[in-house]
Amino acid sequence: MMSSSFDLRNIPESIYKYFEDSSFKTCSLKSSGLESGFFTFSGLVYIKSGRFSMSMPQNNMETIYSFVIEPQRWLGSVSLLGLPSPVVLINEIEKTELLYIPTKELIQIADNNPMVYKWLLNIATDNFPKWFQAHLIAFSTRETRVLYCLTTLLPLEVSNNNQTEINISQQKISDICGLSRPRVNEVLKLLEQQEVLLLSHKKIQITNINKFFKKLDDANLSIYDPRTQRI
Numbered sequence: 020m021m022s023s024s025f026d027l028r029n030i031p032e033s034i035y036k037y038f039e040d041s042s043f044k045t046c047s048l049k050s051s052g053l054e055s056g057f058f059t060f061s062g063l064v065y066i067k068s069g070r071f072s073m074s075m076p077q078n079n080m081e082t083i084y085s086f087v088i089e090p091q092r093w094l095g096s097v098s099l100l101g102l103p104s105p106v107v108l109i110n111e112i113e114k115t116e117l118l119y120i121p122t123k124e125l126i127q128i129a130d131n132n133p134m135v136y137k138w139l140l141n142i143a144t145d146n147f148p149k150w151f152q153a154h155l156i157a158f159s160t161r162e163t164r165v166l167y168c169l170t171t172l173l174p175l176e177v178s179n180n181n182q183t184e185i186n187i188s189q190q191k192i193s194d195i196c197g198l199s200r201p202r203v204n205e206v207l208k209l210l211e212q213q214e215v216l217l218l219s220h221k222k223i224q225i226t227n228i229n230k231f232f233k234k235l236d237d238a239n240l241s242i243y244d245p246r247t248q249r250i
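Per the numbering used here, the sequence shown starts with residue 20, numbered consecutively.
Simulated from the structure, these hints should not be mistaken for lab results. A portion of the hints provided could be inaccurate.
The list that follows gives simulated cross-link-like pairs (lysine-lysine, DSBU-like), each with its CA atoms no further than 30 Å apart [stated by the list, open to error]:
1. LYS67 x LYS137
2. LYS137 x LYS191
3. LYS123 x LYS137
4. LYS49 x LYS67
5. LYS191 x LYS221
6. LYS221 x LYS137
7. LYS114 x LYS221
8. LYS67 x LYS123
9. LYS114 x LYS208
10. LYS36 x LYS49
11. LYS36 x LYS123
12. LYS208 x LYS67
13. LYS36 x LYS67
14. LYS49 x LYS123
15. LYS149 x LYS67
16. LYS221 x LYS233
17. LYS149 x LYS222
18. LYS114 x LYS149
19. LYS36 x LYS230
20. LYS123 x LYS149
21. LYS67 x LYS222
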C-alpha cells in the first residue's frame, strides 16, 4: 500500500496506479538524477519529505531566481502543457524523499487518460506564483532577498511572537539567494544588530516573528507572500 503521507487529493487513478505497481519506488534527489548541476527539468515529482530550493538562471548566469519547494507537494509537468522546460539547479536543504515519473512515462499516462492533462495544469498553476515571485525578489535589495529566503524556510503555521529556529548554513542561504556568502553574512549581522534574529552555527533563531515579518512590508510580494502561509 502507498505511504499514508502520500497526497491522494484529486490524484488521477492512472497516476496512483503508476506509483502502486511494481515500478513504485521512493527516490532521493541524487538517485532520480535531479541533483547534478544545471539541467532541464521535466517529468513529475511528488515531495514526500524534506525540502529543496529550485534556482533558475538568466541567460547571462548573473542573476538567479530561486524558491523553496515544500514537502507533500507536486512539481513539474509544464513541458506537457506546451510550456518550455526550465533549466534549473536544485539544492537540497533537508534530506528529501520523493516520487518521480520521467517525462516519457508521464506522456504515455496522459495520452491514455486525457483528464490527466487537466490535473497537470492545476499543478503548474499552483506553482506559478512562487516562480513569478522569485523573479521579483531577484531584483530586490540584498536584505529583502535574505529575508524572503528565510521566510520561505520557516515552519508552516508559526505562532505570532514565538521564537523559532531555521537549521541552515549561510552557504545554503547564499546558494538560494544568488548572493555571495560575505554579502549574506553582512545582512544577517545587520539583522542581528536590529534584534530580529540570533546567529549560531548552521542555525538561525528568529526572536520575534512579528518584527521579522514587518521587515518585508516594503517588499513587492504582490504575486506570492510566504508570510500569509505561516500565520
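Consistency of the hints with the structure:
Restraint check for LYS67 and LYS137: satisfied, since their Cα atoms lie roughly 22 Å apart, inside the 30 Å limit. About 35 Å separates the Cα atoms of LYS137 and LYS191, which puts this hinted pair outside 30 Å; it is violated. With a C-alpha separation of about 18 Å, the suggested pairing of LYS123 with LYS137 holds against the 30 Å cut-off. The hinted pair formed by LYS49 and LYS67 meets the criterion: a straight-line CA distance of about 15 Å does not exceed 30 Å.
Between LYS191 and LYS221 the CA atoms are separated by roughly 9 Å; this keeps the pair inside 30 Å, and the hint holds. About 42 Å separates the Cα atoms of LYS221 and LYS137, which puts this hinted pair outside 30 Å; it is violated. Distance restraint check for LYS114 and LYS221: the Cα-Cα separation of roughly 15 Å lies within the 30 Å cut-off, and the hinted pair is therefore satisfied. With a CA separation close to 22 Å, the supplied pair LYS67 and LYS123 stays within the 30 Å bound.
About 28 Å separates the Cα atoms of LYS114 and LYS208, which keeps this hinted pair within 30 Å; it holds. With a C-alpha separation of about 24 Å, the suggested pairing of LYS36 with LYS49 holds against the 30 Å cut-off. Between LYS36 and LYS123 the CA atoms are separated by roughly 16 Å; this keeps the pair inside 30 Å, and the hint holds. The straight-line distance between the Cα atoms of LYS208 and LYS67 is roughly 34 Å, outside the 30 Å bound, and the hint therefore fails.
With a CA separation close to 17 Å, the supplied pair LYS36 and LYS67 stays within the 30 Å bound. At roughly 19 Å between alpha-carbon atoms, LYS49 and LYS123 fall within 30 Å of each other, so this suggested pair holds. Distance hint between LYS149 and LYS67 is fulfilled; the C-alpha atoms sit about 19 Å from each other, no more than 30 Å. Straight-line distance between C-alpha atoms of LYS221 and LYS233 comes to about 24 Å, which keeps the hinted pair within the 30 Å bound.
With a C-alpha separation of about 25 Å, the suggested pairing of LYS149 with LYS222 holds against the 30 Å cut-off. In summary, the hint linking LYS114 to LYS149 is supported, as the alpha carbons are separated by about 22 Å, within the 30 Å threshold. The suggested pairing of LYS36 with LYS230 is violated, with an alpha-carbon distance near 47 Å, which exceeds 30 Å. Restraint check for LYS123 and LYS149: the C-alpha separation of about 26 Å stays at or below 30 Å, so the hint holds.
Only pairs whose Cα atoms come within 30 Å are accepted, and LYS67 paired with LYS222 is accepted, the gap being roughly 24 Å.
The structure fails hints 2, 6, 12, 19 (numbered hints given earlier, in ascending order).
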